[in-house]
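Protein chains: 2
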Amino acid sequence: MDSETPTIHFDELLERLLDAIERSDVGKCMEVLRAADVEDTAKLVDRLSADKRTKLFEILTPEQSAEVLEHVYYFQGADIIEELEPDAAAQIVTQLDSDDRADLLNELKDNDSEAILDELEDDVAEETRRFMAYEEGTAGSLMYSEFVSFHMRMTVEEILNDIQSKRDKYIEYGVQYAYVLSARKELKGVLPVRNLLFAKRDQTAADIMIPNPTTVSAGTTVLELENLFEQYNFLGLPVVDAKHRLIGIVDREASTEALQEAATEDLLKFQGLMGKEELRSMPLALRSRRRLSWLSINIVLNLISASVIAFHQDTLEAVIALAVFLPIISDMSGCSGNQAVAVSMRELSLDLISPKEFGRVFVKESTLGMINGACLGLLIGTLAWIWKGNAILGLVVGGALALNTTIAVCVGGLVPLLLKAFKQDPALASGPILTTVTDMCGFLLILGLASMCLPYLV
Amino acid sequence: MDSETPTIHFDELLERLLDAIERSDVGKCMEVLRAADVEDTAKLVDRLSADKRTKLFEILTPEQSAEVLEHVYYFQGADIIEELEPDAAAQIVTQLDSDDRADLLNELKDNDSEAILDELEDDVAEETRRFMAYEEGTAGSLMYSEFVSFHMRMTVEEILNDIQSKRDKYIEYGVQYAYVLSARKELKGVLPVRNLLFAKRDQTAADIMIPNPTTVSAGTTVLELENLFEQYNFLGLPVVDAKHRLIGIVDREASTEALQEAATEDLLKFQGLMGKEELRSMPLALRSRRRLSWLSINIVLNLISASVIAFHQDTLEAVIALAVFLPIISDMSGCSGNQAVAVSMRELSLDLISPKEFGRVFVKESTLGMINGACLGLLIGTLAWIWKGNAILGLVVGGALALNTTIAVCVGGLVPLLLKAFKQDPALASGPILTTVTDMCGFLLILGLASMCLPYLV
Chain U
381 MDSETPTIHF DELLERLLDA IERSDVGKCM EVLRAADVED TAKLVDRLSA DKRTKLFEIL
441 TPEQSAEVLE HVYYFQGADI IEELEPDAAA QIVTQLDSDD RADLLNELKD NDSEAILDEL
501 EDDVAEETRR FMAYEEGTAG SLMYSEFVSF HMRMTVEEIL NDIQSKRDKY IEYGVQYAYV
561 LSARKELKGV LPVRNLLFAK RDQTAADIMI PNPTTVSAGT TVLELENLFE QYNFLGLPVV
621 DAKHRLIGIV DREASTEALQ EAATEDLLKF QGLMGKEELR SMPLALRSRR RLSWLSINIV
681 LNLISASVIA FHQDTLEAVI ALAVFLPIIS DMSGCSGNQA VAVSMRELSL DLISPKEFGR
741 VFVKESTLGM INGACLGLLI GTLAWIWKGN AILGLVVGGA LALNTTIAVC VGGLVPLLLK
801 AFKQDPALAS GPILTTVTDM CGFLLILGLA SMCLPYLV
Chain V
381 MDSETPTIHF DELLERLLDA IERSDVGKCM EVLRAADVED TAKLVDRLSA DKRTKLFEIL
441 TPEQSAEVLE HVYYFQGADI IEELEPDAAA QIVTQLDSDD RADLLNELKD NDSEAILDEL
501 EDDVAEETRR FMAYEEGTAG SLMYSEFVSF HMRMTVEEIL NDIQSKRDKY IEYGVQYAYV
561 LSARKELKGV LPVRNLLFAK RDQTAADIMI PNPTTVSAGT TVLELENLFE QYNFLGLPVV
621 DAKHRLIGIV DREASTEALQ EAATEDLLKF QGLMGKEELR SMPLALRSRR RLSWLSINIV
681 LNLISASVIA FHQDTLEAVI ALAVFLPIIS DMSGCSGNQA VAVSMRELSL DLISPKEFGR
741 VFVKESTLGM INGACLGLLI GTLAWIWKGN AILGLVVGGA LALNTTIAVC VGGLVPLLLK
801 AFKQDPALAS GPILTTVTDM CGFLLILGLA SMCLPYLV
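These protein sequence lines map, in sequence, to chains U and V.
The number in this note's numbering is simply the position in the first sequence, starting from 1, with 380 added.
The number in this note's numbering is simply the position in the second sequence, starting from 1, with 380 added.
Don't read these hints as lab results, they were simulated from the structure.
One should not assume that every hint holds.
Where chains are identical, the list cannot tell them apart; a pair therefore holds if satisfied intra-copy or between any two copies.
As the list claims (entries may be wrong) - Calculated pairs, EDC-like style, for lysine to aspartate or glutamate (alpha carbon to alpha carbon, straight line, at most 20 Å):
| no. | residue 1 | residue 2 |
| --- | --- | --- |
| 1 | K736 | E395 |
| 2 | K565 | D405 |
| 3 | K736 | E392 |
| 4 | K489 | E538 |
Looking at chain U on its own, in the form it has when it is part of the complex:
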């Protein structure tokens, strides 16, 4: 994990690590893992088979294991911990910071995390349970409890002496701010430690602190946090309970990472990779099952929309050329609708639109849908006319695409708002709802129009 080391080829590192695990050579294992840079450490752990990986974490000390865990992705950490015996896992997670520990245990199955919690020391277990209970994406789930606080009556002199005597610990915490508390542990102020540079020795913490600091509660959402951080340029925000007692600090970095994580999850959900992340190093059966769970919902939706075609077989049999245009209508409407979905998702995530502004979105999207529908319909209608030399066929095909594009663009723009208004996750459900609606409408339009014009088409 030292970037100064000359680059060693990844395959060689992997070979050395496998060899060291084989020989249970702990020193050598850590040497290889420390020689790799951050991304290679994650990749090394990714490429170990499950039993090699378990053996590695069995021979490392808890401290060494925790060091490695801090350098791999959190979902890898969860996989590793899940494979270990509860007592071994407990010894490792004890070494982690309170927020990382809770995050990791929350990734595990309930009975696995319970087994590990039972093995932790009582006060650590209690704190961890409290942290785990906070809802994902709230300040409670992102905060850490390793902060530095001083009583408000302490003088600068006393504080400086305290800092000198506990220098190592404070440096490890990377302290930028200290928190000033009353005797009842209520938060009274924030003290940027730099301010100690400008203060007289006999002033008290209360004299030089920033009083009445902005605070958040454990339930504050990550979006609200991000707004506060943007607004005030804070590095961290104190989290207080109902009695205004300081219970933790949430820092800007954790908040930004949580938002980033949420954006990535949205991208994966669009492709129906729900639940935990998929990596190719995971067992085949698990990967297959996770992907199938989504595909099986999709196949049902597909059958529903395809049933429209089944009910219009006679029309289709009479004008077989229509079959060529069915997948085009389906795919093009889907594309147009998905563009509108993406714009709505983006505007929602930027808070540029509220979930209730249906009217605005409808007006904006219906006009755009009509324009784009007219362009695409004209194009495809002309092609159909030229191909079969039948102007009515061109009208049917082009008209169906034009109308369906308008519908798709409106539905695409509105569905994310509707889902959000009903507190559902738009990333997961918008796509399938959109394509089912647009496929059904598209097939109905083209086959319905065709059966009305049947005498002119055959």
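Position chain V relative to chain U; hints supplied.
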């Protein structure tokens, strides 16, 4: 922009702002804009018509305009600046930090940014041009030049006096670290200003600095930066030129935001919203044209794959039931393939896979594709059999879906790697390439198999 103010309804704020613009009441405009929290400021600017917005930024002073610009999204800022006269725009952008100014000008059309650069003071223009020249996503494009540096021979006493005398400026910079330079401006060390707390007055900067700090060059990529930040927990990294002279600082936040921005762009590109962002407040013609540019590529690809159906019309006419399954094959294979695309994109972005590891991905995806293909094929084949009471029809439909799922999953897994290996952007092109290939193969398979088994199907 003060969260303490009781919440005023957004519509009321907008009305007040429109009224203040109408009356050219600058004080009132700023009062409304300052009363709104960050997200509402962006939304207020979003909801102004182009001419109201131009008028607003014409009546505000450059300082006030810059203050507002700092509170809206960067793409909104670019729109605003583009609408102003070059000299008015120049006066506003002069107020921004060096990195923000370069980012903003880079968003504009070349002749617009040139016109503004011509209006800037020579040294500002020169610095801005230098910053603009750095490639997007590199340390050069993210760094700022507003840092605090001291000569290495300065004593703590001298430094403390300097800090006291320039306290306001340093607090505005939010200084955590100072940089220690030689007489030739070479970077010699980093000085966490907190360390001044623990030092004797007669020590020099060189005595208490962290010597030989980790540095990056202007060409360091955002991914490399993120790795360094993760590894060392720095808040900022000094950027040096070839002679090891300090040219700027890139901070963790800017780096993380750039990565997050890239992830969001990927999501938008998946939906074919290329180039600049789309907001519903933009002119209809622009939004329509941007979306159509992507759809028109897509319609050509669709026509290519639909031509396969046109060539097999005879088979389709003989077995019209097949028409029901064409959109299902197309859609299901697309879904399966897109899941593999998402996993490859994720592994590429996490550096868990190199673009050259085709073999590994092929093996992993082909086995998974066969399993999922078999499951889906069996399901849809059985349904086809039951529906028409023809087992051969079931075999044709199920077999085609099974084979095409395998193909789609392999192609989906490999296309992002191929594009990356050829230095193309996988987010933009993977989807269309995948669906074109899988649609063509799918239609060929089902119609080809059907024509081989035609005697048993009619």
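Reference check for the pair K736 and E392, CA-CA at most 20 Å: within, between, both, or neither? between (57 Å within a copy, 17 Å between copies)
Cα distance capped at 20 Å. Does K565 pair with D405 within a copy, between copies, both, or neither? neither (48 Å within a copy, 47 Å between copies)
Give the relationship of K736 and E395 under a CA distance limit of 20 Å: within one copy only, between copies only, both, or neither. between (57 Å within a copy, 19 Å between copies)
From the Cα coordinates, with 20 Å as the cut-off, is the pair K489 and E538 best called within, between, both, or neither? For K489 and E538, neither the intra-copy (47 Å) nor the inter-copy (58 Å) Cα distance is at most 20 Å.
Hint compliance for this structure: hints 2 and 4 are broken, all remaining hints hold.
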